[in-house]
Structures are given as C-alpha cells and as structure tokens.
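Each chain, written out:
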Amino acid sequence: MDSGRRGTGERPGRVGVLALQGDVREHVAVLESLGAEVSLVRGPAQLAEVDGLVLPGGESSVIDKLARLFGLREPIIERIGSGLPVFGTCAGLILLADRIIDGLPTQLPFGGMDVDVRRNAFGSQVDSFESMLDVPQLGEPPVHATFIRAPVVERVGEGVRVLARVDDRVVAVEQGVLLGTSFHPEVDGETRFHRRFLEHVAHVSGS
Amino acid sequence: MAGLIRQPHAIHERHIMTENTTGSARVKRGLAEMLKGGVIMDVVTPEQARIAEDAGAVAVMALERVPADIRAQGGVARMSDPDLIDAIKAEVSIPVMAKARIGHFVEAQVLEALEVDYIDESEVLSPADYVNHIDKWPFTVPFVCGATNLGEALRRITEGAAMIRSKGEAGTGDVSEATKHIRTISGEIRRLQSLSKDELFVAAKELQAPYELVAEVAERGSLPVVLFVAGGVATPADAAMMMQLGADGVFVGSGIFKSGQPEARAAAIVKAVAAFEDPKAIADASRGLGEAMVGINVADLPAPHRLAERGW
Numbered sequence: 001m002d003s004g005r006r007g008t009g010e011r012p013g014r015v016g017v018l019a020l021q022g023d024v025r026e027h028v029a030v031l032e033s034l035g036a037e038v039s040l041v042r043g044p045a046q047l048a049e050v051d052g053l054v055l056p057g058g059e060s061s062v063i064d065k066l067a068r069l070f071g072l073r074e075p076i077i078e079r080i081g082s083g084l085p086v087f088g089t090c091a092g093l094i095l096l097a098d099r100i101i102d103g104l105p106t107q108l109p110f111g112g113m114d115v116d117v118r119r120n121a122f123g124s125q126v127d128s129f130e131s132m133l134d135v136p137q138l139g140e141p142p143v144h145a146t147f148i149r150a151p152v153v154e155r156v157g158e159g160v161r162v163l164a165r166v167d168d169r170v171v172a173v174e175q176g177v178l179l180g181t182s183f184h185p186e187v188d189g190e191t192r193f194h195r196r197f198l199e200h201v202a203h204v205s206g207s
Numbered sequence: 001m002a003g004l005i006r007q008p009h010a011i012h013e014r015h016i017m018t019e020n021t022t023g024s025a026r027v028k029r030g031l032a033e034m035l036k037g038g039v040i041m042d043v044v045t046p047e048q049a050r051i052a053e054d055a056g057a058v059a060v061m062a063l064e065r066v067p068a069d070i071r072a073q074g075g076v077a078r079m080s081d082p083d084l085i086d087a088i089k090a091e092v093s094i095p096v097m098a099k100a101r102i103g104h105f106v107e108a109q110v111l112e113a114l115e116v117d118y119i120d121e122s123e124v125l126s127p128a129d130y131v132n133h134i135d136k137w138p139f140t141v142p143f144v145c146g147a148t149n150l151g152e153a154l155r156r157i158t159e160g161a162a163m164i165r166s167k168g169e170a171g172t173g174d175v176s177e178a179t180k181h182i183r184t185i186s187g188e189i190r191r192l193q194s195l196s197k198d199e200l201f202v203a204a205k206e207l208q209a210p211y212e213l214v215a216e217v218a219e220r221g222s223l224p225v226v227l228f229v230a231g232g233v234a235t236p237a238d239a240a241m242m243m244q245l246g247a248d249g250v251f252v253g254s255g256i257f258k259s260g261q262p263e264a265r266a267a268a269i270v271k272a273v274a275a276f277e278d279p280k281a282i283a284d285a286s287r288g289l290g291e292a293m294v295g296i297n298v299a300d301l302p303a304p305h306r307l308a309e310r311g312w
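Protein chains in written order, with full-length UniProt numbering: chain Y, 1 to 207; chain U, 1 to 312.
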C-alpha cells in the first residue's frame, strides 16, 4: 500500500497531535519537517478537522484522564473505529492497545489495535535505554530508538504486523492504518515512522 | 574538565550501539520531555502519593516534610528515609523523584541505588556543600536542579542536570518569586537571541557558562533541557500563569497537601495546566476547592530563611 506514495511532495492532509500532556512539540516538529499541516488537538472540535492523529509520549494514565475530562475519549474512539490513521509512541501505543497490563485500576485505553501492552515493562528510569533496531519495513540504516520507562507489546492479534523487536520483545507494531512504537522516534531525528503515518493519511484521505 | 566538555555532546552522537545503552544524556533528558504539560506533586506518605496519582500527577516527589513544614520546624533537612521512598514507589506506577542535598553526592548515590526515577538536587534541603554541586554526569539516574537565572541554569546543565526547574520560594504559597525567576530566565534567553555571534563570547563570560552551551541556547531560543517551574504555586490560576510564562510544566509542593481539599485541588491544578490557555476551563477548575494554603508573603521572610537564594 506504500508504493508510489513515498516522499513528501504530496499534501498528506491535515494531521493533529493530541496535546493534553507529553512530548507534543517534538512530534509537531517532525511532522512539519515532512511538510505536513499540523494542528494541536485539545478538544472535539479540533479532532473533527484532522485526517490523522498522533498520540504522543507522556504519562498514559494522565492523558487518559485528561481525554475524558475534555470530552475527547468517545470522539477519538469513534474516529479510530471509522478508519482514522493514528500513530502512537510509548504512552500513545498504550492508549492505542485494546488491553493494558499494569495500568492504573481506573485506566482505559482508546483501543483499536488488537494487542496487549504492558506499561513500564523495562523497569524504572535507570533501566531506560537507547538501542539500534533493525526494522526491515523501513530498510537501512537501522533505527536509533530511545526507550523511556517504555511499554512492550505482549500479545499480538491476527492482522497485526510486528515491525521491530528488542531482546525478543515486540516494540513496534502496525495494524492497517494504526501504527505504534514503544520508543520515541520523535526525539531522535528519526522521520521514517512519521513518514509512514503520513502515507497512511494520504492513502485514506484519498488525495 | 574533560568530562564537562565531552559529555554534553554525547547526545548528538550517532555511533552504532552494539548493545542497549543506559544513562545517556538522551535517555536522561528524555524522561523530562515526557513529563511536559504535567504536574509533579510533593508527597510525604504513600496515601498522599495515591491521591496524587489518582488526581493526574505525572510524577511525585517523595519527601519527609513538605517545604512549609521544613520552614516551620527548622533544623537540618536531609534526604528522605529509604523505607519511605520504597513505600511510595510501591504505591504508585508513575515516576517517583526524591531530593538530595546540594553537593551531597552520597545521598544521590543512595537514591540511585533505591532506583528513584529522578533526583532533585534541591535548595529546599540544607546544602551539604557550599562550594560544589554534585557532578551529575557519572550517574545513570537523571537530575533536576533549581535555577533563579540563565547562568545558574546553564551551570547546572554543564554539571549534568537533565532538567531545570526555576526556583520559587518553596513552602510559602507566594508565587511572586517563581514569576520573577521564570521571567528572568526567559528574558535572558531572548536577549541572547538578539546578540551577534561575536557578542556571545562576552555573554558566556557574563553568564559564567561554557560558550558552546550559550551558543546552543541562542540558536534554539530555549534551554537544551526541559524547564519546569517550582515554588509557591498554590492555585490553578498560579499554575496556568507559569505555563503562559513559558514553563513546560509545574512542581507543586506544599500547595496541595497544606490546603483544605487536597484531592480536589490536585485534580484542579492538573486540569488548569493542561488547559492553561483557556480562562473558562481555569475558572471551572478554580471552583469549590475550599481553602488554599494560608501562605507567607516572601517579603516578610528574613533573608536567611529564603531557600531560593541557596545554590549559585
């Protein structure tokens, strides 16, 4: 589905970054460097205007609470259900999973991706790390990946493609137009995942 | 000195890592980047930590006494009891920070051994060294340090701080010092941006900070690490004002658990920080919170009791 859609020449449509908490600025910078028109999503009206959504890194339990508080939870679930391309990093991957392991008792994901994701799977901050990952779908060079109190994918449903592993644990997945990584390409100058997300957006919005 | 010069640049390196690398500048600064737009709350018991997490804190600061009590009770304030830190870590799943005294590198070693997520080398505790701050580069755990101006912030970053918080006057409920210091830091950054390249050498001398770091700040128009505000924040409006003044997030110490309804106030401050540009949402968050902490006017504090003046 990517063929013929590489490059940044075409307008991929307007994309939003969920801007409730987390590393919003870094995602906006990468998306803008790829030529996308980017807006911040803090409420339902802003969500209605975007053709794709990035769920940033941050604290997943806080983003969940704020999404409910600002009336975004139901609209986001609805948009994901009707085919909105979404890219989630770290906390964003947790929010995109159908099931969270080790979440707060009251914590809920938006869901959409048929995976189980374990929160803080590598331990506390002293266990956070950088690594080089082979991601065959992205080709060379390997991906420089930063894991910050990162989650891992523990169960992968049918129709979910595993894009990357670290120490045999699944850390990047894709299901249709939903893309999720345990790590933060947005802080490492790595643009290929965002480019892939924009390709999904361009494909769906049919530009 | 070699360490000071080499390590700030490690973040830009793109060498091939053969295995997983912990404790790099990228990894240390990264956690602070994920806390942006959030509220970090002081807690002194596991019960308070639970309330903070349920209210939407992005992290908690585990300590034995909040600054208002340190101020009231006096005496030497030190690192918290390891049992207390363990109990708070066991209670919550969000990051747990803890304070070490300025210059007390062994307290920092202990906190790293306890696997806290961030160490605050803090003027709220009694300094252990009136000359040197901790050399923070050798640690795997990241550090946050206070600053009242840009030079102080850059010296802390040179020593390895991965996050800066502007200092307010902790434990007072008076936000005026926090306002002054975030304005000072942002103003000095704007001034650097207006200088020509040859003027930056003198600016570095005046700021008592390395030229490379000063040039980097002038180029990007911000610190190379996340900047939070701390000290004296007591209401949702205080917190939102700090965000409008350019803070990446807010520390709230005594302001929550020294108030009438900590649960409601904690959630209200979280909401106000997320919606800091929306006066209606801030108004909404400000309703029905009961009494704010009583507070002390900073102007009424005799100089030896002003915590923000500790550190250099």
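In short, the hints are calculated from the structure, not lab data.
Note that the Cβ used here is the ideal one computed from N, Cα and C, for glycine as well.
Please note that a few of the clues may not be correct.
Stated by the list, open to error - Short, incomplete list of chain Y residues facing chain U, as computed with Cβ under 7 Å:
1. Gly22
2. Asp23
3. Arg68
4. Val187
5. Thr191
These are the hints, each one checked on the structure:
1. Gly22: Holds, because the Cβ-Cβ distance from Y:Gly22 to chain U comes to roughly 6 Å (cut-off 7 Å).
2. Asp23: holds (5 Å)
3. Arg68: Violated - the Cβ of Y:Arg68 stays beyond 7 Å from chain U, reaching only about 10 Å at its closest.
4. Val187: holds (6 Å)
5. Thr191: This interface hint is violated because 14 Å lies over the 7 Å limit.
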